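Which chain is which? The protein sequence lines are A and B, in order.
Residue numbering for the first sequence is 1 to 98, as defined by the working numbering.
Residue numbering for the second sequence is 99 to 424, as defined by the working numbering.
Hints listed in this document are in silico derivations from the structure and should not be mistaken for laboratory results.
You may find that some hints are simply not true.
[To be verified] Calculated pairs, DSS-like style, for lysine-lysine (alpha carbon to alpha carbon, straight line, at most 30 Å): (1) A:Lys11 - B:Lys263; (2) B:Lys281 - A:Lys96; (3) A:Lys13 - B:Lys263; (4) B:Lys115 - B:Lys336; (5) A:Lys96 - B:Lys284; (6) B:Lys418 - A:Lys13; (7) B:Lys263 - A:Lys43.
[Claimed, not checked] To give an idea of the chain A side of the interface with chain B (calculated C-beta under 8 Å), a few residues: (8) Val60; (9) Tyr64; (10) Leu68; (11) Arg70; (12) Ser74; (13) Arg87; (14) Arg90; (15) Asn94; (16) Leu98.
Keep in mind the model is a prediction, meaning the values are calculated, not measured.
Think of the CB as a built atom: it goes at the ideal place given N, C-alpha and C, for glycine as much as any other residue.
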Amino acid sequence: MATVSSELAAKVKRCEEFNAEACYHCGVCTAVCPLGYGIMPRKLFRQVMLGLKDKVEEQVPAIYSCLLCRMCESNCPAEVRISENVRALRTLVNNKEL
Amino acid sequence: MALPIGPILGILGDNLKQRGSVLPLTRAAATRWSKGLDLPRGGETILYTGHMYQLIPAIDAMASQMALLENSRITKLLGMGRLVNKVINLSFFMSLMASKELKQRNDEALRNIVRLLQAAGVDFGYLYGDEMYSGALVYDEGMDDVFGAHARRVAARFKKHGVKKVITVDPHTTNMLREIYPKFVKDFDVEVQSYLEVVAENSPEVLQPQDQTVAFHDSCVYARYESILAPPRELLAKAGVSVAEPELSGTNTHCCGGPIEALFPSEAHRISKERVAQLEKAGKQIVTMCPICWVNLRKAATEGTTVQDISQLFSAAFVKSSQSCT
Ligand code: SF4
Ligand code: SF4
Chain A
1 MATVSSELAA KVKRCEEFNA EACYHCGVCT AVCPLGYGIM PRKLFRQVML GLKDKVEEQV
61 PAIYSCLLCR MCESNCPAEV RISENVRALR TLVNNKEL
Chain B
99 MALPIGPILG ILGDNLKQRG SVLPLTRAAA TRWSKGLDLP RGGETILYTG HMYQLIPAID
159 AMASQMALLE NSRITKLLGM GRLVNKVINL SFFMSLMASK ELKQRNDEAL RNIVRLLQAA
219 GVDFGYLYGD EMYSGALVYD EGMDDVFGAH ARRVAARFKK HGVKKVITVD PHTTNMLREI
279 YPKFVKDFDV EVQSYLEVVA ENSPEVLQPQ DQTVAFHDSC VYARYESILA PPRELLAKAG
339 VSVAEPELSG TNTHCCGGPI EALFPSEAHR ISKERVAQLE KAGKQIVTMC PICWVNLRKA
399 ATEGTTVQDI SQLFSAAFVK SSQSCT
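Starting from the given sequences, assemble the full structure and let the hints guide the process.
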């Protein structure tokens, strides 16, 4: 069973730049991402927003695999700051706050 | 087995804090390229290399070592490596393995940029040994505290030298100084322009038209962070070069894979191979504008394909042939 952490969702919301809540799940970002991982970036953000701590922890390599290339971002219809959101997650991992 | 992220980032962050750069670069190695160019020291307008071209040979050597470790049990020793690196400069030994040929090529790219700016009639100085790395890599990895402290040191250096305008040579440094420093450094008001923008604005005379077609690779950062799309194309057209755009170009350019080389070498290589295949469909003479794209696409290129830095091409077109080095 997945562990839900309300703290995780609260922490990302405190990151000024994090705006994944604007996402409306069209999936364009995943389709254009050169990594070709199903999790990146839409599902990852969804897990974070839902506070699925264990699942997000499993995704640490994916979080650091992101090229910050903004291919997703420049095609996102909801203006989600995807690369900045990924960077915010890296900061949380680095500070052992995830 | 993937490489351990924490210890590697720890080593890079410790290096920046203790040694002023993610990988140790001696003053001699950082400034060697400027020998004989007689650039004035300092000044209100400076050329700021941000050490990117100079660091690439060491980063490339490190990435090759990491690729060997990627599937090895030794990776677990990297945690210990971080402890040792604080006392003994471990990454310095890695940088000793950097390719001499790569160092020469990258130094030459910087010399070409200087000659190009001079041909365009631009006056500028250089900080020599006082120049520092921008901190781009630690920012990208989300190490904001380490980055912020470093950015403030770099900004203080600019202030000490009375720098008002900076001409950058690569997309990552351009973005750091233009967009990110103002968020981390109070009252950072240095004007920042890429040399491509500066040269395009000053429109030098074409001396040796280059009658060729190149497959053009836009850097993600120039294209999607900084919207620098027109200046290189205008200069290429002026130089007599036809541009063959790959399927993904301009704001839809495809990454070279380089940003994840240090942590995920095999993935980086897979992505650079994909990009090279797209570019090779457009042409076998590939042109790049970023030292990271340059080294990664060159490594992935198939036989018969050349990958050159745009400064090489511009130097051949706009600089008197007795001075230009290609
Ligand atoms: S492209 Fe934007 S809106 Fe669509 S799923 Fe991705 S983040 Fe959400
Ligand atoms: S920024 Fe990251 S998630 Fe977005 S397309 Fe590039 S690699 Fe994929």
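Outcome of the hint check:
The suggested pairing of Lys11 of chain A with Lys263 of chain B is violated, with an alpha-carbon distance near 38 Å, which exceeds 30 Å. Distance hint between Lys281 of chain B and Lys96 of chain A is fulfilled; the C-alpha atoms sit about 23 Å from each other, no more than 30 Å. For a cut-off of 30 Å, the pair hint linking Lys13 of chain A to Lys263 of chain B is broken: about 36 Å separates their Cα positions. The straight-line distance between the Cα atoms of Lys115 of chain B and Lys336 of chain B is roughly 44 Å, outside the 30 Å bound, and the hint therefore fails.
For a cut-off of 30 Å, the pair hint linking Lys96 of chain A to Lys284 of chain B stands: about 27 Å separates their Cα positions. Only pairs whose Cα atoms come within 30 Å are accepted, and Lys418 of chain B paired with Lys13 of chain A is rejected, the gap being roughly 56 Å. With a C-alpha separation of about 42 Å, the suggested pair Lys263 of chain B and Lys43 of chain A falls outside the 30 Å cut-off, and the hint is violated. Checking Val60 of chain A against chain B: minimum C-beta separation of about 7 Å stays under 8 Å; hint holds.
A distance limit of 8 Å between C-beta atoms decides the matter here; for Tyr64 of chain A the minimum to chain B is near 5 Å, and the interface restraint holds. Restraint check, Leu68 of chain A versus chain B: the minimum CB separation of about 6 Å is within 8 Å; hint holds. Contact between Arg70 of chain A and chain B, as hinted, is supported at the beta carbon level, the nearest pair being about 4 Å apart and thus within 8 Å. For Ser74 of chain A, the interface hint holds, the least distance from its beta-carbon to any beta-carbon of chain B being 5 Å, beneath 8 Å.
Because the smallest distance between the Cβ of Arg87 of chain A and any Cβ of chain B comes to about 5 Å, under 8 Å, the interface hint for this residue holds. Proximity of Arg90 of chain A to chain B holds as hinted, the smallest CB-CB distance being about 3 Å (cut-off 8 Å). A cut of 8 Å between beta carbons decides the hint on Asn94 of chain A: the least distance to chain B is about 5 Å, and the hint holds. Using the Cβ-Cβ criterion of 8 Å, the hint placing Leu98 of chain A at the interface with chain B is not satisfied: the shortest such distance is roughly 11 Å.
Going down the numbered hints, you'll see the structure goes against 1, 3, 4, 6, 7 and 16, while the others check out.
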